[in-house]
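Peer 1: Chains A and B supply the protein sequences, listed in that same order. My numbering numbers the first residue of the first sequence as 1 and each following residue consecutively. My numbering numbers the first residue of the second sequence as 1 and each following residue consecutively.
It is worth saying that the hints were derived from the structure and are not from the lab. The reader is advised that the hints may include incorrect statements.
[Stated by the list, open to error] Pairwise CB distance ranges, derived in the manner of DEER restraints:
(1) B:L199 / A:G152: 14 to 24 Å
(2) A:R148 / B:G193: 51 to 61 Å
(3) B:A116 / A:V22: 31 to 41 Å
(4) A:P20 / B:V48: 14 to 24 Å
(5) A:W231 / B:E44: 36 to 46 Å
(6) A:G118 / B:G193: 49 to 59 Å
All C-beta atoms in this analysis are idealised placements derived from N, C-alpha and C, irrespective of residue type, glycine included.
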Amino acid sequence: MAETRPPAKGRISTPIALMPAVLQHEWDLYHATWFTLMGVGGGIFLLSRLMRLERGLGVWLGLPVVDLVSFAVIGVGGLILIWSLGRPLRFLRAVLKPSSSWISRGAIADFIFVVLGGALILPGLTLGTARPFAWLPWDAWASTTAGRVIEGVALAAAAIVIVYAGLVLADRAAVTFWRSWAIPAQFMLSSLAMSMATVMVLQTLHATPIRELECWWLAAFLVLLLAAIVWHLATRTTQPGKAEALARLYTTYHAVFWGVVLGAGTILPVLLAVVAVLAPPARDVLGVMSLMLTLAGGFLLRLLTLRVGYFPPVSGALRVPKR
Amino acid sequence: MRWGMVVDVRKCVGCQTCTIACHEENALPPGIFWRHVVDVEVGEYPEVRRAFLPMGCQHCAEPPCVPVCPTGASQQRADGIVFVQYDMCIGCGYCAVACPYRARHMIHDQDWYFMAPTPSEKKARDPERHGVMSKCTFCKHRVDKAPAGATPGVDPEYTPVCVSSCIANAMHFGDLDDPNSNVSRLREEHQPGVLLEELDLKPSLFYITE
């Protein structure tokens, strides 16, 4: 039988931080870079295909240039992702747990996107006068049923590619600042804005007029991004871990956050997009400016999100002697 | 069977013997500590108390680090021990950012102290541990070799080294599912608490604080 102990003397303290909030150091520059590149790569394919712009953005070796740009960006992002791993040569194992891990789901989406996107445009490949894959029952423009099916699956995979980085952070991480739907929303909207600006620059490079529609979409993505950022900054501000993250954002990174992420990277491109609607001759220049600004803002948004990632304090209550 | 620990915070003197014993037993590289002791001050003068809490992986029954692992390298045994299968880990770091107790440590660099491994480092270090995630294993290599008749938590040789090395008998290891085990008796007697109870991760480390 357990010995009965006398009641302890003293009072219970209010919960105190046994371990204070600390910054995570696992994910930083490489991760911000591949988050950005995956978002832009997937977004370029998604937007150009949904808006049916791929024919007007040039062809190289019979292949749509916009799709090639998308795959190249995704490829570079994928290489950086692999490089960021502690054991890069084991990267194929990242697909083994799609039932519970967003990294697995994202890696699978990356593979599906690149394979099906590549397969979709393959029939257009022209080497000299030869078209070695012309026998395939679809074409690069998805004008047949088979092509539309492949394109549809590739588009779905691209959609996952642009959103999964945010879901990796928001789904199960212990970092309070990341545990919000606002993070995947921000990453997705930022990706779409950067991609829209990229498509506008490709239009300029191929002497295809930028339409009013593209300008409005760019403005819409950025306004929604601004709303998601502001909502995230304004809610649950005293939550352990998030309070420390906000404090770091407003002090250590205040110039980069307010100046580049919000000012130059989000608000200014909205204004540029509106000006572009009103002044069609200036759209080419404004598109290039928007791309540079949204890329800088989007990358730094991701980098700062990682760099203000605090684990919340580990708190507990202890008995204090009563005198 | 579910292995667990009960830490009597009233007895811990903060000597860090458990920290060093763990470091030695597992040949951990510089800067990596699976077990460490937190030093806290509570209250305001004159009602002040200084306390020491041995911390590390809590071997949660609902470990958030396991489902996020994209390869299945982060695993939980039937007896509750959470560990990393090094040869399956790709070193993505997701489990480290998923653990609210910050109990996972990536081994990025040289994994010994000097120009070459010392004899004790040679004995215990695992080359597979480089570039992957590492964490407290509840010294499963000691627990698992307990022969019939020996009891981890009672027989020091088959007990996690942090527990068997504790100079103040502040740490106890045993089967939480066995009502007659040392840890079950301590839990019944003292009703110890867990850290971050609000997360409902059902940790296997319990702290007696009063």
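Peer 1: Take the hints in turn and mark each one as holding or not.
Peer 2: Cross-check of the supplied hints:
no. : hint                        : verdict
1   : B:L199 / A:G152: 14 to 24 Å : violated, 40 Å
2   : A:R148 / B:G193: 51 to 61 Å : holds, 59 Å
3   : B:A116 / A:V22: 31 to 41 Å  : holds, 33 Å
4   : A:P20 / B:V48: 14 to 24 Å   : holds, 19 Å
5   : A:W231 / B:E44: 36 to 46 Å  : holds, 38 Å
6   : A:G118 / B:G193: 49 to 59 Å : holds, 56 Å
When the structure is compared with the earlier hints, a violation turns up for hint 1 alone.
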